[in-house]
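Okay, so the sequence shown: first residue is 891 according to the numbering used here, each after it adds one.
Because the hints were derived from the structure by calculation, they are not lab data.
There could be a bad hint or two in this list.
[To be verified] Here are the simulated SDA-like cross-link-like pairs (lysine to any residue), alpha carbons at most 20 Å apart as the crow flies:
hint: 1; residue 1: Lys1120; residue 2: Pro1137
hint: 2; residue 1: Lys939; residue 2: Glu982
hint: 3; residue 1: Lys1115; residue 2: Asp1139
hint: 4; residue 1: Lys947; residue 2: Phe906
hint: 5; residue 1: Lys1150; residue 2: Pro1137
hint: 6; residue 1: Lys939; residue 2: Phe906
hint: 7; residue 1: Lys1120; residue 2: Ile1135
hint: 8; residue 1: Lys1019; residue 2: Arg1030
hint: 9; residue 1: Lys1061; residue 2: Ile1096
hint: 10; residue 1: Lys1120; residue 2: Leu1141
hint: 11; residue 1: Lys1081; residue 2: Ser1050
hint: 12; residue 1: Lys1081; residue 2: Ser1097
hint: 13; residue 1: Lys947; residue 2: Glu897
hint: 14; residue 1: Lys1019; residue 2: Val981
hint: 15; residue 1: Lys1061; residue 2: Leu1000
hint: 16; residue 1: Lys1061; residue 2: Lys1081
hint: 17; residue 1: Lys1115; residue 2: Ile1132
hint: 18; residue 1: Lys1115; residue 2: Arg1138
hint: 19; residue 1: Lys920; residue 2: Pro934
hint: 20; residue 1: Lys1081; residue 2: Val1048
hint: 21; residue 1: Lys1061; residue 2: Leu1073
hint: 22; residue 1: Lys939; residue 2: Ile993
hint: 23; residue 1: Lys939; residue 2: Thr902
hint: 24; residue 1: Lys947; residue 2: Arg900
hint: 25; residue 1: Lys1120; residue 2: Val1136
hint: 26; residue 1: Lys1115; residue 2: Ile1135
hint: 27; residue 1: Lys947; residue 2: His907
hint: 28; residue 1: Lys920; residue 2: Val981
hint: 29; residue 1: Lys1019; residue 2: Arg1004
hint: 30; residue 1: Lys947; residue 2: Leu974
hint: 31; residue 1: Lys1019; residue 2: Asn987
hint: 32; residue 1: Lys920; residue 2: Arg1030
hint: 33; residue 1: Lys947; residue 2: Thr961
hint: 34; residue 1: Lys939; residue 2: Arg928
hint: 35; residue 1: Lys939; residue 2: Leu903
hint: 36; residue 1: Lys1061; residue 2: Arg1074
Note that the structure is a prediction, hence the values are computed from the model and not measured.
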Amino acid sequence: MAIEHVEPARCTLWQFHERFGDEPTAESCKELISSIQRHGQRHPVLGRKLARAPGAKIELIYGGRRLFAATQLGVDLLVDVRELDNREAIVEMEIENRLRTDISPYERGLSYRRWLNVRLFSSQSELAKELSVSEAQISRLLRYADLPAAVVGAFATVQSIREEWAVALAKACQDPTRRAGVLRRSREVSKAEPRQPPQVVFRRLISGGGTGARAPSRLHDEVVKTRSGKPIYRIAVRAKTIHFIVPRDELPECALHELKLQLTSILELINDTSANTRMTYAGRANQVDEYESSVGCVNAN
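Please work from the sequences and hints to get the whole structure.
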């Protein structure tokens, strides 16, 4: 390993550098440029020498934003120059980039697909082993690479596309009966101004719901009231969770303990897929109705 001072003009980015459609700009690199100007470059980038490239002698494995900043400032770039083959370079790049939030799952998915397509790795299993991640994670991220450009363009940024959304949308686009509808809605959403929140975009693409910016009413919080019309608790539906919200001073310990038992019993029954359990659950639902009427300490009246 050798740290060298290299003129930016002598550097070029590696073909597998993890950037897709997000070229650095003076605005996006403003803080980095200011930091290097004031304190110098604290962390070197990684590169390797190119023996057959007269115009560019160092190929950067990672460090595109630092290269841009050094070019803007007219200063040399600190480069950790090593001898690496492509697979070794990929591992080093993944270690550097794994915890960075500015590299989206979409970019990672496209990278994984490219590496597999050019046979740098023979299989998803081999790729997962080299990167020390699970095969399931590789498979999930590869679903991003299956998304048509129109679907990606429906979201304001690729960073806003969640993994579970990519899986669902890729599956929908592979269904001949749904693909045309998803693509049509994607083009419609991409033209909307202002751009819609990512949750709204996903629901619109996957379900064909309305194009308005408001979420469907089924996702609104539900206020549960007593028979006399007084609110006693609220049900809040989020992306993956449901929250039961009760005023703390109106829920004695005896009621909290009983509610825990009831909720645990119901969820255990739901998770059991047997026919007998489903019948038992229906009976349990009646018991809950009776409980609501009989336990006076829960009622806010």
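To see whether the hints hold, each was checked on the structure:
1. Lys1120 x Pro1137: holds (13 Å)
2. Lys939 x Glu982: Satisfied, since the Cα-Cα distance of roughly 16 Å is no more than 20 Å.
3. Lys1115 x Asp1139: holds (17 Å)
4. Lys947 x Phe906: holds (17 Å)
5. Lys1150 x Pro1137: Judged against 20 Å, a Cα distance of about 16 Å means the pair holds.
6. Lys939 x Phe906: holds (16 Å)
7. Lys1120 x Ile1135: This hinted pair holds, its Cα atoms lying about 15 Å apart.
8. Lys1019 x Arg1030: holds (16 Å)
9. Lys1061 x Ile1096: Holds. Lys1061 to Ile1096 sits at ~10 Å (cutoff 20 Å).
10. Lys1120 x Leu1141: holds (15 Å)
11. Lys1081 x Ser1050: holds (17 Å)
12. Lys1081 x Ser1097: OK: Lys1081 and Ser1097 at ~18 Å, within 20 Å.
13. Lys947 x Glu897: Distance ~10 Å between Lys947 and Glu897 Cα, so the pair holds.
14. Lys1019 x Val981: Holds, at roughly 11 Å.
15. Lys1061 x Leu1000: OK: Lys1061 and Leu1000 at ~17 Å, within 20 Å.
16. Lys1061 x Lys1081: violated (24 Å)
17. Lys1115 x Ile1132: Within the cut-off at roughly 18 Å; holds.
18. Lys1115 x Arg1138: OK: Lys1115 and Arg1138 at ~16 Å, within 20 Å.
19. Lys920 x Pro934: holds (18 Å)
20. Lys1081 x Val1048: holds (16 Å)
21. Lys1061 x Leu1073: The given pair, whose Cα atoms are some 13 Å apart, holds under the 20 Å limit.
22. Lys939 x Ile993: violated (25 Å)
23. Lys939 x Thr902: holds (10 Å)
24. Lys947 x Arg900: Roughly 6 Å between the alpha carbons, so the hint for Lys947 and Arg900 holds.
25. Lys1120 x Val1136: With a Cα-Cα distance of about 13 Å, the restraint between Lys1120 and Val1136 holds, given a limit of 20 Å.
26. Lys1115 x Ile1135: holds (13 Å)
27. Lys947 x His907: holds (17 Å)
28. Lys920 x Val981: Since the Cα atoms of Lys920 and Val981 sit roughly 29 Å apart, the hinted pair is violated (cutoff 20 Å).
29. Lys1019 x Arg1004: holds (17 Å)
30. Lys947 x Leu974: holds (15 Å)
31. Lys1019 x Asn987: holds (17 Å)
32. Lys920 x Arg1030: violated (33 Å)
33. Lys947 x Thr961: holds (16 Å)
34. Lys939 x Arg928: violated (29 Å)
35. Lys939 x Leu903: holds (12 Å)
36. Lys1061 x Arg1074: holds (16 Å)
In summary, the numbered hints that this structure violates are 16, 22, 28, 32, 34.
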